[in-house]
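Colleague: Sequence:
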Amino acid sequence: DYELEAQRPYCFSVVVGHGKSHYFNVEQGSELAIWEKSFQRAIFLEVQRIGSKTFTCSWQGESLCFTLDFAMGFTCFDNKTKKILWRFKFSQLKGSSDDGKTRVKLL
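Counted from 1, the sequence shown has number 77 at position 77 by our numbering; the numbering is strictly sequential.
Derived by calculation from the structure, the hints in this document are not laboratory data. All C-beta atoms in this analysis are idealised placements derived from N, C-alpha and C, irrespective of residue type, glycine included. Wrong hints could be hidden among the right ones.
Ranges of calculated distance between the beta carbons of each label pair, as one might list FRET restraints [claimed, not checked]:
hint, residue 1, residue 2, range
1, 100, 70, 19 to 29 Å
2, 22, 64, 31 to 41 Å
3, 27, 74, 38 to 48 Å
4, 14, 103, 20 to 30 Å
5, 34, 100, 18 to 28 Å
6, 81, 19, 33 to 43 Å
7, 48, 97, 22 to 32 Å
8, 95, 34, 21 to 31 Å
Work out the full structure, taking the sequences as your base and the hints as a guide.
Modeller: Put into structure tokens, the structure is as follows:
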């Protein structure tokens, strides 16, 4: 039960690819810190391993592609012409947010 899980001091959830949450609980804050560090490390290593991932997206009714590249940063280009619309290094990113579903905002 989510309400019972949420009342525990060191409880957290992980949402997997199909949207189902898995709940975990640890006894101490130091254990939670180890989990967090391990997750961050695993994500970093997977991104580094993949190197680059391109997603089809839309903006103002246009079909675009958005590429995240470990070495190059972010690139947005026209899906048909392949013309690059913009490109930024990760170091230029000031912040980001998303709605957890379909929208991403990069600052």
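Colleague: Given the range 33 to 43 Å, decide if the beta-carbon distance of residue 81 to residue 19 lies inside it.
Modeller: Since the Cβ atoms of residue 81 and residue 19 sit about 35 Å apart, the hinted range of 33 to 43 Å holds.
Colleague: Is 31 to 41 Å right for how far apart the beta carbons of residue 22 and residue 64 are?
Modeller: Since residue 22 and residue 64 have Cβ atoms about 34 Å apart, the given range 31 to 41 Å holds.
Colleague: With respect to the beta-carbon atoms only, verify the hint that residue 34 and residue 100 lie 18 to 28 Å apart.
Modeller: holds (26 Å)
Colleague: May I ask you to test the hint 21 to 31 Å on the CB atoms belonging to residue 95 and residue 34?
Modeller: holds (27 Å)
Colleague: Note whether the CB distance of residue 27 and residue 74 lies within 38 to 48 Å or breaks it.
Modeller: holds (40 Å)
Colleague: Does the Cβ pair residue 48, residue 97 satisfy 22 to 32 Å?
Modeller: For residue 97 against residue 48, whose Cβ atoms are near 24 Å apart, the range 22 to 32 Å holds.
Colleague: Please test the hint of 19 to 29 Å on the beta carbon pair from residue 100 and residue 70.
Modeller: holds (24 Å)
Colleague: Within 20 to 30 Å or not, the Cβ separation of residue 14 and residue 103?
Modeller: Distance hint for residue 14, residue 103 holds at roughly 22 Å.
Comparing the model with each numbered hint stated earlier shows that all of them hold.
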